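J.: Below are the chains, spelled out letter by letter.
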Amino acid sequence: MQSRSARDILSSLVIPVGAVLIFTVALRAQVPPRDPPHPLASLKTVPVPEPANLADFVADKTAAIRLGKALFWDMQAGGDGIQACASCHFHAGADNRRKNQLSPGLLGGDTTFQVGGPNYTLRAKDFPFTRHADENAAGSPIVSDANDVASSQGVFNTTFIDVTPGHAADVCDSVADPVFQVHGINARRVEPRNTPSMNNAVFNFDNFWDGRADHIFNGASPFGDLDPTARVWRADAAGAQPHAVQVEIEPGSLASQAVGPPLSPFEMSCAGRVFPKLGRKMLSLTPLAKQVVDPNDSVLGPFARSSGGINTNYPQMIRSAFRPEWWSGGAVTISGATFTQMEANFSLFWGLAIQLFESTLVANDSRVDRFLEGDTTALSGLEQQGMDLFTSTGRCINCHGGAELTNASVRNVGNERLERMVMGDGGCAIYDDGFYNIGMRPTAEDIGRGGTDPFGNPLSDTRRAMMDPPLFVDQNLSPPLGAVPECDKRANVDGTFKTPALRNVELTGPYFHAGAKGTLRQVVQFYNRGGDFARLNIANLDPDIQPLGLTLTQMDALVAFLQALTDERTRQDKAPFDHPSLLRPNGCLGNDHHVEDNGSGRCVDDIEEVPSVGAGGRPEAGLVPLQPFLSISKMRGSGVLGAGRQMSDFGFNFNGTEEVPDGKVRFRDRGRRVEIRTDTFTMHESTETCVRVWGPAVVNDASGFSLTAKGCDHRQPGAGHDTFEIAVWDAAGTLVYTNGGVLSGGNLQAFIR
Amino acid sequence: MTSISAKAVGRAIAVVLLGALTVTMPASRAQSSNTVNGGAYGAFVQTPAASLARSPFATLDPSGMGDAAAAAVNVASVLAAESLSSVTTGVVGENAASAQSGSTLQNVNILGGLITAQLVSGQSSSASNGSSASSDANGSTFAGLLVGSVAIADGVPAPNSQIALPGVGTVTLNEQIPRGDGQTTSGLTVNMIHVRLKDVLTGAQTGEIIVGAADSDAAFGR
Numbered sequence: 001m002q003s004r005s006a007r008d009i010l011s012s013l014v015i016p017v018g019a020v021l022i023f024t025v026a027l028r029a030q031v032p033p034r035d036p037p038h039p040l041a042s043l044k045t046v047p048v049p050e051p052a053n054l055a056d057f058v059a060d061k062t063a064a065i066r067l068g069k070a071l072f073w074d075m076q077a078g079g080d081g082i083q084a085c086a087s088c089h090f091h092a093g094a095d096n097r098r099k100n101q102l103s104p105g106l107l108g109g110d111t112t113f114q115v116g117g118p119n120y121t122l123r124a125k126d127f128p129f130t131r132h133a134d135e136n137a138a139g140s141p142i143v144s145d146a147n148d149v150a151s152s153q154g155v156f157n158t159t160f161i162d163v164t165p166g167h168a169a170d171v172c173d174s175v176a177d178p179v180f181q182v183h184g185i186n187a188r189r190v191e192p193r194n195t196p197s198m199n200n201a202v203f204n205f206d207n208f209w210d211g212r213a214d215h216i217f218n219g220a221s222p223f224g225d226l227d228p229t230a231r232v233w234r235a236d237a238a239g240a241q242p243h244a245v246q247v248e249i250e251p252g253s254l255a256s257q258a259v260g261p262p263l264s265p266f267e268m269s270c271a272g273r274v275f276p277k278l279g280r281k282m283l284s285l286t287p288l289a290k291q292v293v294d295p296n297d298s299v300l301g302p303f304a305r306s307s308g309g310i311n312t313n314y315p316q317m318i319r320s321a322f323r324p325e326w327w328s329g330g331a332v333t334i335s336g337a338t339f340t341q342m343e344a345n346f347s348l349f350w351g352l353a354i355q356l357f358e359s360t361l362v363a364n365d366s367r368v369d370r371f372l373e374g375d376t377t378a379l380s381g382l383e384q385q386g387m388d389l390f391t392s393t394g395r396c397i398n399c400h401g402g403a404e405l406t407n408a409s410v411r412n413v414g415n416e417r418l419e420r421m422v423m424g425d426g427g428c429a430i431y432d433d434g435f436y437n438i439g440m441r442p443t444a445e446d447i448g449r450g451g452t453d454p455f456g457n458p459l460s461d462t463r464r465a466m467m468d469p470p471l472f473v474d475q476n477l478s479p480p481l482g483a484v485p486e487c488d489k490r491a492n493v494d495g496t497f498k499t500p501a502l503r504n505v506e507l508t509g510p511y512f513h514a515g516a517k518g519t520l521r522q523v524v525q526f527y528n529r530g531g532d533f534a535r536l537n538i539a540n541l542d543p544d545i546q547p548l549g550l551t552l553t554q555m556d557a558l559v560a561f562l563q564a565l566t567d568e569r570t571r572q573d574k575a576p577f578d579h580p581s582l583l584r585p586n587g588c589l590g591n592d593h594h595v596e597d598n599g600s601g602r603c604v605d606d607i608e609e610v611p612s613v614g615a616g617g618r619p620e621a622g623l624v625p626l627q628p629f630l631s632i633s634k635m636r637g638s639g640v641l642g643a644g645r646q647m648s649d650f651g652f653n654f655n656g657t658e659e660v661p662d663g664k665v666r667f668r669d670r671g672r673r674v675e676i677r678t679d680t681f682t683m684h685e686s687t688e689t690c691v692r693v694w695g696p697a698v699v700n701d702a703s704g705f706s707l708t709a710k711g712c713d714h715r716q717p718g719a720g721h722d723t724f725e726i727a728v729w730d731a732a733g734t735l736v737y738t739n740g741g742v743l744s745g746g747n748l749q750a751f752i753r
Numbered sequence: 001m002t003s004i005s006a007k008a009v010g011r012a013i014a015v016v017l018l019g020a021l022t023v024t025m026p027a028s029r030a031q032s033s034n035t036v037n038g039g040a041y042g043a044f045v046q047t048p049a050a051s052l053a054r055s056p057f058a059t060l061d062p063s064g065m066g067d068a069a070a071a072a073v074n075v076a077s078v079l080a081a082e083s084l085s086s087v088t089t090g091v092v093g094e095n096a097a098s099a100q101s102g103s104t105l106q107n108v109n110i111l112g113g114l115i116t117a118q119l120v121s122g123q124s125s126s127a128s129n130g131s132s133a134s135s136d137a138n139g140s141t142f143a144g145l146l147v148g149s150v151a152i153a154d155g156v157p158a159p160n161s162q163i164a165l166p167g168v169g170t171v172t173l174n175e176q177i178p179r180g181d182g183q184t185t186s187g188l189t190v191n192m193i194h195v196r197l198k199d200v201l202t203g204a205q206t207g208e209i210i211v212g213a214a215d216s217d218a219a220f221g222r
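Protein chains in written order, with our numbering: chain V, 1 to 753; chain B, 1 to 222.
No lab work stands behind these hints: they were computed from the structure. A quick note: this is a predicted structure, and the numbers were derived from the prediction, not measured. Using N, Cα and C, we set each Cβ at its ideal position, and we do this for glycine too. Some hints could be false.
To be verified - Computed spacing ranges between beta-carbons, pair by pair:
| id | chain 1 | residue 1 | chain 2 | residue 2 | range |
| --- | --- | --- | --- | --- | --- |
| 1 | B | 153 | V | 675 | 49 to 59 Å |
| 2 | V | 307 | B | 203 | 49 to 59 Å |
| 3 | B | 153 | V | 725 | 25 to 35 Å |
| 4 | V | 729 | B | 153 | 46 to 56 Å |
| 5 | B | 153 | V | 165 | 44 to 54 Å |
| 6 | V | 729 | B | 181 | 40 to 50 Å |
| 7 | V | 725 | B | 200 | 46 to 56 Å |
| 8 | B | 114 | V | 733 | 42 to 52 Å |
| 9 | V | 596 | B | 153 | 51 to 61 Å |
| 10 | V | 607 | B | 146 | 52 to 62 Å |
| 11 | V | 675 | B | 168 | 29 to 39 Å |
| 12 | B | 50 | V | 598 | 58 to 68 Å |
| 13 | V | 169 | B | 113 | 54 to 64 Å |
| 14 | B | 107 | V | 590 | 37 to 47 Å |
Unchecked claim - Some residues of chain B that are not near chain V, with every Cβ distance over 10 Å (derived):
| id | residue |
| --- | --- |
| 15 | 50 |
| 16 | 119 |
| 17 | 121 |
Chain V on its own, in the form it takes in the complex (with noise of 0.2 Å):
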C-alpha cells in the first residue's frame, strides 16, 4: 500500500523556496531564452500530416480509411473476440466507464487499491484522488491521497495457444490473476495509464502518454526506426517469394500507436499472440460480424448487412487499399511457421489504415475555432474571459500552445525536439519538447518519458542525444548540444507526459495520464494550487506549475473556455465520428465484493451496447449527446416488457445527484403476480444510455427486500430499442425475482442536466 500520509508528503517539502527564486532570476540570464508560446488558432488551419511516402504502400486511401475503420471498431480483434480498439475508445475517443477502471500504481510497483478494488464502481465523490484541505488555496494541506489509476479494462490474464479460423475467439489458458481478481475469480485487467482520445492525435509527433508509440513507422511495432526486429515483406511479382524489409513511414506515430494494443496482454490480447496470427484470424472472418453497421455510416454505410457486419471481407479490403507487392507475394516463414504475405504483413495493414482512418478524426469546428476563424459571437463574455486567462495568467499556454493546443505537435516538435528550460528548482536542462512533468503524481509513480523501450533505448530524445555515441541528433537545437553546460548535462525527462491536446476535453475525463481528476473545475483547481506533487517533483518539474492565484469567478471562465473547445461533432458522434455499435464490457456482473465464476476462473462480464449511429449523428438516431464523465443523469419512462397475460408494466424516474440518487420504481409482473416499488436509491451508475440504481424494496407489500434496476435508453421511441431489467433479493440476500428484456411499449429518456 502506497497511500501517502498528509505529513509524510509535507515532510518531503523541504526545499528553500526563497533560494531557488533567488537563483532562477540568476539562471536566467545564462541560459538561451525559452520559446515564446505559440499562438492560438483555429485548427482548420493545421494541415492533416500525412506520410510522404504513403503512396508506396497505399493504392487506394479511400479503401484503407474503411479498412481502418473496420480494423478499429471490429470486436473480433481482440483475443477474447470482445476487445476491440474501440473498447477503450467509444466516448469522443476516450472511455467514460466507471465500473472496473481502476488499477494499481502498478507503474511504482504497487499492486493495492485504495480507491476501490476491482469490479469497483467510481462514483463522483470518489474524485480527485489527491484531496486537499482547501481545494483552491495554494499549500492547502493534502487530506488523503491514491495513487489508484481511472483507466480502462482490457482483457482477462491469459496465455495465448493459437487461432482457430472462423472464430473470433483465440485459443487461451487463463492464468490466475494475483491483482486483478475478486475472491479469486479474476476480472479483466486495468491498463495503467488513463486512455487518452484517438481524435486530433494526428497531430501529435509521438503518441502514447509517454510517446513510446514513435513518429516513424516500422511497419511492425510502436518502437520505431529504434527495433532491430521489425520487418515486414515485400514481392517483387504476384506470387514471387517475398522477402523481408525495414520500412520507415512518417509521420505514423498513429500506426505506431495503433500496432501496440493488439498484442498486449493487458489490452486486447492473450499473452504471447503475434501480428501474423492475428492477421489469420481476421482475414478468415466477416469484418464486424457482432456489430451493427448503421446504413448512413460515413464510412462503412454502404457496405452495411441488415444480419450485422459488412458485406465484404478483409483480404479484399486489403487488395483494394495497399499495393500489391505487399499482399501478392507467396508463403513466408516466421518462427518456423508459415504464413501468407497478407498474414505475415497484417500489422503493416493493420497500422497504417488505423492511421489514416484516425486521421479523418480531426475535431476543428469547436466554438474556440471559429472565434479563432473571426466569428466574434461563438464565445460568450465568460468564455472569452476564460481564453484570455488561458493565454496569460492561467499560464496554460505555454505548454498547450498553437492551434493543436498542445507542444506535442508534429509541427512544434518536428521543428525542434528539444529545448533548453530553467526548471521548477531553478537548475536549467534540456527536456523534450512537449513533455513536461506537472507534480500531478510523485514522479516516482511513474516515470512517463524517462521510461525506456523493449531495447533498452531510453523513450526519451534527450537522453539518446546525451548517449555516447548519440541515439539521436537534434539539428535544430541552437546552440547545439553541449554549448550551454550548465543545461545540457542534465535531462529533466522523469515523470513528464506528453501534453495532451485538448479538444472535446469536456467529454474526454476522467483527467491527466493517472485519471485522478473528475472534472475540469478539479484541473483548474489542480492547477491553481500549482501542482499537488510540485515540490515533491521540484527536480524535474516545469517552471510554469506555481500557485496562479486565480479567482472562482476566473476558474469559472477557464472552465467555461475549456467547455468551449468541444466539437458539436464530437457531441454528437456525427461523420466522421459515427460509427458501429459496440458490445463492451462494463466490467463484472456483481461488484467489488462479489462476482460469479463463468466457470473458468473469470468473472461474468456485464456487457453494455454502444448503439450503432450513422452520420447524422446521436439526434438521429434517437440518443442523447455524449455526457461529460462525471455529471448528473436522469432518467425516466415507462412502458410494458412481455405481452398477454405474462406481460409487466412499470414506471421508472431516476434523479442522480453527486451525493444521494432519488427517484422510484414501480414493477408489477401480471402473469406471476408481483408488484415490486421502491422511492429510495442508495446507489447508482450510469452510462450514456444506461442507468443502474441499487435500493431497498416493497414487494407486494412486504418490505426487507433490495433490488437492482437498470433502464437503457437506446432511441426514442423506444418500444423495440429501450431495455429494463429488474433483480429483488430477500432479506437473506438470496436471489429471488429477476425480469428483463426489451420494452414491447413505452420509452426511457436518459438524459443530463
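Since chain V is already given, all that's left is putting chain B on it; use the hints.
T.: Just chain B now, with coordinates in the frame of chain V:
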C-alpha cells in the same frame, strides 16, 4: 333531464380528459415550446345511476413521474376490476422530449358480465426531437377479452374498433385519438375500452365507461 348531443358530450369529455391529464414540465432550454404532458387511469364511469372518477389516476408532476394503484374498484352492476395501476413519466432532454403513460388492470367486468377481460393494458408514448414527432400505442394489449359472447383474440385489435351492444350502446376497443403536427408536437389518447351508453329510443348518449386509458403529449421546438 337536459338532453345534449353525442357530439357535445364527446367534446366535453375530450376537454375534461385533456384538461385533467395535462401537466406541463419545464423545458431545460427555457423554450416554452418544449413540454411534455401525460396521464393515465384504469377506469372511469359516468352513468345516470353511478359514477366513478378516474381511478387510479396518475398525472405527470414536476418530479417527472406520477403513479397510482388500487387493489380493486367496484361500481355495482357497472364495473369491477382488480390490480389496477397507472403510471406516467415525461422529460424534456437536450435533443428531444418524450412522455409515456400506461394503465393496466386485471379481471375486468363491465355491465354485469357484458364485457369481461382477464387483462387490459393501455399504453401511450409520444416523442419529439424538433424535426419529427410521433406517438404510438405500442404495448397496449388485451388478454381474455369477451364482448357479449364473442371472444376477442389476445393482443390488440385495430385502432377504434367499434362493436354494437344492442340495447346498451356501443363499445370502442383500442380507441386512439391522435393530435399534433407530427413535426414538433405529437400526442395520443388511448382508451382500451370505451363504452358509450345510449338511449334506446333517441340514440342519445346517456353515459360512458372507460377502461385502460393512457395519454401522452410531447412538444419540442428546438
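J.: Tell me, in ascending order, the numbers of any earlier hints that this structure violates.
T.: When the structure is compared with the hints, numbers 1, 4, 9, 10, 16, 17 turn out to be violated.
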